[in-house]
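Novice: Same order as they appear, the protein sequences are chains R and C. Heads up, the first sequence is in numbering that gives the first Met the number 0, so the first residue is 0 and it goes up one at a time. Heads up, the second sequence is in numbering that gives the first Met the number 0, so the first residue is 0 and it goes up one at a time.
Hints were generated in silico from the structure; no laboratory data involved. Errors might be hidden in some of the hints.
What the hints assert, rightly or not - Have a look at the derived ranges for each label pair, beta carbon to beta carbon:
1. R:I48 x C:G38: 19 to 25 Å
2. C:P69 x R:V18: 17 to 23 Å
3. C:G4 x R:L11: 39 to 45 Å
4. R:W51 x C:D62: 28 to 34 Å
5. R:V124 x C:S41: 17 to 23 Å
6. R:L130 x C:G3: 34 to 40 Å
7. R:I48 x C:E66: 27 to 33 Å
8. C:S41 x R:L93: 48 to 54 Å
9. R:V18 x C:E66: 39 to 45 Å
10. R:W51 x C:E64: 56 to 62 Å
11. C:E131 x R:W51: 50 to 56 Å
12. C:W90 x R:L100: 35 to 41 Å
Stated by the list, open to error - Chain R is faced by these chain C residues, among others (derived, beta-carbon under 8 Å):
13. L16
14. A17
15. A22
Here the structure is a predicted model, which means the values were calculated and not measured. Glycine included, every Cβ here is placed at the ideal spot set by N, Cα and C.
The chain contents come next:
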Amino acid sequence: MTLLLNSRSQGLLALGLRVVLAGLFVVAGGLKLFDPAAFAVEIDRYQLIPWWSCALLALLLPWLEVCVGISLLTRWLSRGALAWVTALLIVFSLALLSAMLRGLSIDCGCFGRLWQSTGTFWPLVRNVVLLGITVFLWWQPHRL
Amino acid sequence: MKSGGQALVIFFAALALAGLSAAVHPKKPSFPDRAVAPGEISLPEVQDWKEPILWVDARLESDYEVEHIPGAVSLNPDNWSEQFPHFLDGWRPTEKAVVYCSAASCDTSREIADRLRRSGVDPVYYLKGGWEAWKSTR
Chain R
0 MTLLLNSRSQ GLLALGLRVV LAGLFVVAGG LKLFDPAAFA VEIDRYQLIP WWSCALLALL
60 LPWLEVCVGI SLLTRWLSRG ALAWVTALLI VFSLALLSAM LRGLSIDCGC FGRLWQSTGT
120 FWPLVRNVVL LGITVFLWWQ PHRL
Chain C
0 MKSGGQALVI FFAALALAGL SAAVHPKKPS FPDRAVAPGE ISLPEVQDWK EPILWVDARL
60 ESDYEVEHIP GAVSLNPDNW SEQFPHFLDG WRPTEKAVVY CSAASCDTSR EIADRLRRSG
120 VDPVYYLKGG WEAWKSTR
């Protein structure tokens, strides 16, 4: 795709995708900030980590997502933000995949309880698409 | 600054804000024990109730037919349109409805409880630990 687009189109595409990615992270984190206790229960449903770490993550993850989103939007520390986006999307995808393989009937919990997404399959597909966007953005270092 | 350094700065900023949340957020999670989510109820609490309880089994009908809490009615996303009118016929407003599914990992009980609440059934709760919690006390 990089070869097919001229430099200006590529820059615009990178800008658009960066804004979409940043917006998603700000919204996802912002919605979870309303009710960390409920988000801790959502994490606990994955049955991957003990309760105390669910509670810790429920406090930390929403702020991390918001900070990462703002960094991407403002281009301040954006390389670090992109590193976090990559790491978070990989971890979230592995958690979703693990839930699917164990046949857990749970909500993704990606956007807290104010915006619920049913099941784990489509959130996993969305994460893979977002990872694709992230990889594309990594290849645009001069525009970050 | 390299990516790793930038990532650390972001992490510490988020950590500081998370610390603030832990100190002042009215809905912060409790660390020693698993929190009870809004609408969720534990079995010991239900057993303390004096009011009549209407148990709602949100598991698959095949599981319901094998075994269920005595007096429970079957109501799940698959049979909702068919069974909900029957549920309303049997429900009395003085009863507290408690929905359960298979285990703590399932989410169907919360979904059915939300549907019932939106349909005017109140109060309605979903059982923490679900059927597994009930069976473990038998």
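Novice: Give a verdict on every hint.
Specialist: Outcome of the hint check:
Separation of I48 (chain R) from G38 (chain C) is about 24 Å and conforms to the stated range, judged on CB atoms against 19 to 25 Å. The hinted range of 17 to 23 Å is not satisfied by P69 (chain C) and V18 (chain R), whose Cβ atoms lie roughly 56 Å apart. About 29 Å separates the C-beta atoms of G4 (chain C) and L11 (chain R), a value inconsistent with the hinted range of 39 to 45 Å. Between W51 (chain R) and D62 (chain C) the C-beta distance comes to about 32 Å, which sits within the given range of 28 to 34 Å.
Range check, V124 (chain R) to S41 (chain C): about 35 Å between beta-carbon atoms, so the 17 to 23 Å window is missed. Evaluation of the 34 to 40 Å hint for L130 (chain R) and G3 (chain C) yields a failure: the beta carbon distance comes to about 20 Å. The hinted range of 27 to 33 Å is satisfied by I48 (chain R) and E66 (chain C), whose Cβ atoms lie roughly 32 Å apart. Distance hint check for S41 (chain C) and L93 (chain R): the Cβ-Cβ separation is about 31 Å, which falls outside the suggested range of 48 to 54 Å.
Separation of V18 (chain R) from E66 (chain C) is about 53 Å and departs from the stated range, judged on CB atoms against 39 to 45 Å. Between W51 (chain R) and E64 (chain C) the beta carbon distance is about 39 Å. The supplied range of 56 to 62 Å is therefore violated. Our hint of 50 to 56 Å for E131 (chain C) and W51 (chain R) is violated, since their Cβ atoms are close to 22 Å apart. With their beta carbons about 38 Å apart, W90 (chain C) and L100 (chain R) fall inside the hinted range of 35 to 41 Å.
Residue-level restraint check for L16 (chain C) holds (minimum Cβ-Cβ distance to chain R is 4 Å; threshold 8 Å). At about 4 Å, the closest approach between the beta carbon of A17 (chain C) and any beta carbon in chain R falls short of 8 Å, and the interface hint on this residue holds. For A22 (chain C), the interface hint is violated, since its Cβ never comes within 8 Å of a Cβ in chain R; the closest pair sits about 10 Å apart.
Going through the hint list in order, the structure does not satisfy hints 2, 3, 5, 6, 8, 9, 10, 11 and 15.
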